[in-house]
Amino acid sequence: MKFLPLVWAGLKRKKLRTALTFLSIFVAFMLFAFLGAIKEALSGGVSMAGLDRLIVRHKVSLIQTLPESYKARIQTIPGVAAVCHQTWFGGIYQDPKNFFPNMPVEPELFLAMFPEFVVSDAEQQAWRSTRTGAIVGRVTADRFKWKIGDRIPLQSPIWGQPAGQAQWEFEIVGIYDGVKKGTDTSQFFFRYDYFEEARRQDKGQIGWCTVRIANPDQAAEIAAKIDAEFANSPYETKTEPEGAFAQGFAQQVGDIGAIVMAVVGAVFFTILLVAGNTMAQSVRERSGELGVLKAMGFPNGLVLVLVLLESCAIAMLGGFAGLGSAWLIIASGNPVPGLLPVFYLPVGSLVAGVLLAVALGIVAGVLPAWQAMRLNISEALRRVG
Amino acid sequence: MNPSPHTLVHIHNVSKTFRRGSEEIHVLSGLELVVEDAEFLALMGPSGSGKSTLLNLIGGLDRPSAGTVQIGDDRVDQLSDRQLAAWRARHIGFVFQFYNLLPSLTAERNVELPLLLTGLNKAGRRQHVQAALDAVGLSNRSKHYPRTLSGGEQQRVGIARAIVTDPTVLLCDEPTGDLDRKAGDEILALLQTLNQEHGKTIVMVTHDPHASARASRTVYLDKGQLTDKPAE
Chain A
649 MKFLPLVWAG LKRKKLRTAL TFLSIFVAFM LFAFLGAIKE ALSGGVSMAG LDRLIVRHKV
709 SLIQTLPESY KARIQTIPGV AAVCHQTWFG GIYQDPKNFF PNMPVEPELF LAMFPEFVVS
769 DAEQQAWRST RTGAIVGRVT ADRFKWKIGD RIPLQSPIWG QPAGQAQWEF EIVGIYDGVK
829 KGTDTSQFFF RYDYFEEARR QDKGQIGWCT VRIANPDQAA EIAAKIDAEF ANSPYETKTE
889 PEGAFAQGFA QQVGDIGAIV MAVVGAVFFT ILLVAGNTMA QSVRERSGEL GVLKAMGFPN
949 GLVLVLVLLE SCAIAMLGGF AGLGSAWLII ASGNPVPGLL PVFYLPVGSL VAGVLLAVAL
1009 GIVAGVLPAW QAMRLNISEA LRRVG
Chain B
1293 MNPSPHTLVH IHNVSKTFRR GSEEIHVLSG LELVVEDAEF LALMGPSGSG KSTLLNLIGG
1353 LDRPSAGTVQ IGDDRVDQLS DRQLAAWRAR HIGFVFQFYN LLPSLTAERN VELPLLLTGL
1413 NKAGRRQHVQ AALDAVGLSN RSKHYPRTLS GGEQQRVGIA RAIVTDPTVL LCDEPTGDLD
1473 RKAGDEILAL LQTLNQEHGK TIVMVTHDPH ASARASRTVY LDKGQLTDKP AE
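Chains as they are written, first to last, in the working numbering: chain A, 649 to 1033; chain B, 1293 to 1524.
FYI, nobody ran anything at the bench for these hints, they're computed from the structure.
Model, not experiment: these values are computed from the prediction.
Restricting the straight-line Cα-Cα distance to at most 27 Å, the calculated cross-link-like pairs of lysine-lysine (BS3-like) are: (1) A:Lys886 <-> A:Lys851; (2) A:Lys707 <-> A:Lys873; (3) A:Lys650 <-> B:Lys1435; (4) A:Lys745 <-> A:Lys829; (5) A:Lys851 <-> A:Lys719; (6) A:Lys719 <-> A:Lys873; (7) B:Lys1435 <-> A:Lys660; (8) A:Lys650 <-> B:Lys1414; (9) A:Lys650 <-> A:Lys660; (10) A:Lys687 <-> A:Lys829; (11) A:Lys873 <-> A:Lys886; (12) A:Lys662 <-> A:Lys650; (13) A:Lys660 <-> B:Lys1414; (14) A:Lys662 <-> B:Lys1435; (15) B:Lys1435 <-> A:Lys663; (16) A:Lys793 <-> A:Lys828; (17) A:Lys663 <-> A:Lys650; (18) A:Lys828 <-> A:Lys795.
Here are the computed distance ranges between Cβ atoms for each label pair: (19) A:Asn948 <-> B:Gln1419: 28 to 36 Å; (20) B:Gln1419 <-> A:Gly905: 53 to 61 Å; (21) A:Met649 <-> B:Ile1317: 39 to 47 Å; (22) B:Arg1382 <-> A:Lys829: 52 to 60 Å; (23) A:Arg1030 <-> B:Gln1488: 26 to 34 Å.
Far from chain A by the CB rule (all over 10 Å, computed), these chain B residues: (24) Glu1316; (25) Asp1366; (26) Asp1369; (27) Ser1434; (28) Leu1441; (29) Ser1442; (30) Gly1443; (31) Asp1472; (32) Ala1475; (33) Thr1485; (34) His1490; (35) Asp1500; (36) Lys1515; (37) Gln1517.
Ideal Cβ placement from N, Cα and C applies to all residues, glycine included.
Next comes chain B alone, as it looks inside the complex (with noise of 0.2 Å):
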């Protein structure tokens, strides 16, 4: 897939390689992926095939062996850790498998602690908390401590989290990988409004075929190469 006007997300001939002692781990190797924009974006693929680390290349915490990574305008490959920290908070949202709310925190400390990093004031960062927990549901959940809430609800608020500095590209790393079905659906629901109501572009890494059929297209990783059908 070639980029369009609508690229927002463009990984170009991309390698990863790690080293564990004197042996290399070739993880990704010439990879090529163009995201659109207010895309869904499902990423399967066997355990070990990559697809965190690829998620990792695009959110800008880690860097590529090899290739480029363009997000919107920006070279994500060629910032300086500093500018990375800053580009992440502007543009990334991260939703996590395991949720990673801080446990000494209420709902809505943890969503508010990316707006830590902005300008706002302390009502601005209020009025932008309330409106996410708004959105995910959870606005009657906000002084609670995340060990008082469902997994599911704990990951609301972990979109929430992701969500309140309104960035352009959401990342989840298998989002309902620790929730039961009906949770998950609810939580693949919210995923789905984000990106339809609200235009989100979301790339999601899944194990689960259920959750990808929720995406509005499915890539499969293997052994480094994407592929739009499954390896057989």
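Looking at chain A on its own, in the form it has when it is part of the complex (with noise of 0.2 Å):
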């Protein structure tokens, strides 16, 4: 603690070139939380999906669909626990630009088989008794200042219009929200039964069903079992763990984990160099002054520990404010929910900063310390004269 006024002494030197340092890495630290919780969002579904559960889509793409009568079948193959399906409904509120996803659903099946969609019993007890109801998820409840009671008008350019209306029409009787932080709670669900009626087109047909299994270790035996019972028929499947099917959904934007892996390093490269070059110009300027130090007794280890300290102590400002301050922005609200479900900065990619502020700091540092280090007092006490 008591070199700790030395350290700053040594910052303080030359004001300008430490502020933007300090800027530099500031920003650097904002982007990598920006970009942190960018990939988060597109890749919250992989590290939200249950373990047990799998999904059954069309083997060709997901636009395909499938006949409803899969999902009996697929229920009695043995270790099958529960089943449910989805379709795309593709459904727009007043204008394209306002997108969340919309799908019509089994009411009970499906909060069973998705838990961590939490709705009040009221409010289930409410859609079951109403047929045009619908429930949305707190996001986009917000995002339009939707209450229970609304009737939500919807245009399906997938679906058409239901018969005998101009567009499709739904009461919202229940706002969930997600059992924990991570949660998509943009989507809107309404029921299946009043989907199946008032569609015009592909009756019986439904986008993709989700199963649940009894046994997560027997996912890919259940999976292939799934596939070979539909195996040859006009609607063959391709069944997959819910993370790899998140997953190949997030990667239809690109591989999120590698872009965001090449821009960072990018920049942290350019940090490096740039807080390198300032403690190692700091550190030639101060000869004189650390050949003083030592003249005065100060061990040589101690001389490595001050300037690393010193860039140290650069790198954690800049970073923990940096990091601070996207945690601040990030926190104060989604900027663009109809394209990120979910946005904020994960726990994972906090700690990962703060590591990666106090690393920036060392591999800085070291090489202007060892310099400082192996000074020769004579030379360098020389050099002030």
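Combine both chains into one complex, guided by the hints.
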């Protein structure tokens, strides 16, 4: 502790240079935090996926439909505990920019399959008793300021208008929350029976099935059995764990992890050079002062530690400020709720950022610190004259 | 001059050779020097005569190529780098020509620096700093940064920093070389006071006969050898 004023004095020596280095590190860590939040948003479904859930979809692609009768046939396969289905509705609320996922489901089976969606008993009851009822996630409800009882009109370019009506109309009967942070609460679910009755095309077709299996260790075996059940039929299936399905969905945008790593890697390499150069310059300019400290009796090891502490201090100040600012901004709200259903800074990214700041300080400072440690006192003092 | 029971610094048959490429430069050769306890010794000589090299050997900043350097009971030439650093912290106070204060620290923080290597707590360090600044007459300027002090005042801070740990020997490398006559005289008077009233042993390198007149003894260094008289 008693050496901290000395470390601080080193940082104060060239205020402008220290401020610019601080800003570079600050911006780099803000970017790191934002990319972490975006990565989590785009691949969040993977981490939130249930280990005991499989997705059964058409073998060709997700947009091909399956017969609704598959649900009953899947149910009979040994090891399958429950089945429910969903269908991509593609409903538009007022403007295509107001995107949010919306799907018809069978309420009881659906809620039993996805316990991560928290809906009160009263709301569940209301959903069961209201044919045009829908539940909506908190993010989307807040986004459009919807409340229970509101009637929501949707246009569906995929399914057209319902029989006898100009547009689909749903009544909000419940607003669900996520059981934990990261649960996608941007979706809108309505009743399949209403959808089935009102749609004018492809009746009896569904998008995909979600299957709960009794033993997650048998996932591969059961998936193979399901696909074998429908082999050589007009609707062959591809069954995969929910995590793999979500991963494939996210990777439609690209390999998010690789993109984030590439951007972060390039930024941090540049910042490493900036911080390393700052420290090297600082040590070169202060060789006389360091010589004086060593002449007074400061041992080589202590000089090394002082320079390293200085490097770590600027990296940590800039890094923590960048992470903190990003955290505040991210916590204040999702800037693009339609594009990113969940938007938060995961604790893992925050911890990685903190460790990265310390590592940056050490790596940027180690060479200048080594040079300071090896500094010849007589030569250093001669340079002052 | 042979060592006596009062001898503090004993340089015996010391040589120092530097290598520049394939060339060997003999700066000191077979040098003998004895400095008594509480003596104020002025070391004079032309530029390049090896004055600063000798000062560095006494201060443990460098090691001789041959010979022995004994300060008190310690054979300085035999200490490791780590031992030398600890020894310097305990026994040596340096005063430099260009003061060498840390510009981003106040006068009192500069003076406190050597005390950071001791086991003193904050209050103890503050007490020592205050005493050292009092001794050089600068207690009213303790919060000032070096850039706001005159050259003479900066050198006083440098002296306060050198004496704050009460070292065995004070080594001054041209302490008035960067000052005008008036400020230089004040610094020399201060060094004289430290020597005469506080019994501080001082070895001072200088070019200035006016400065050396303040010392209790003057020796001259020329071509790597010490004499009692300046070279013709």
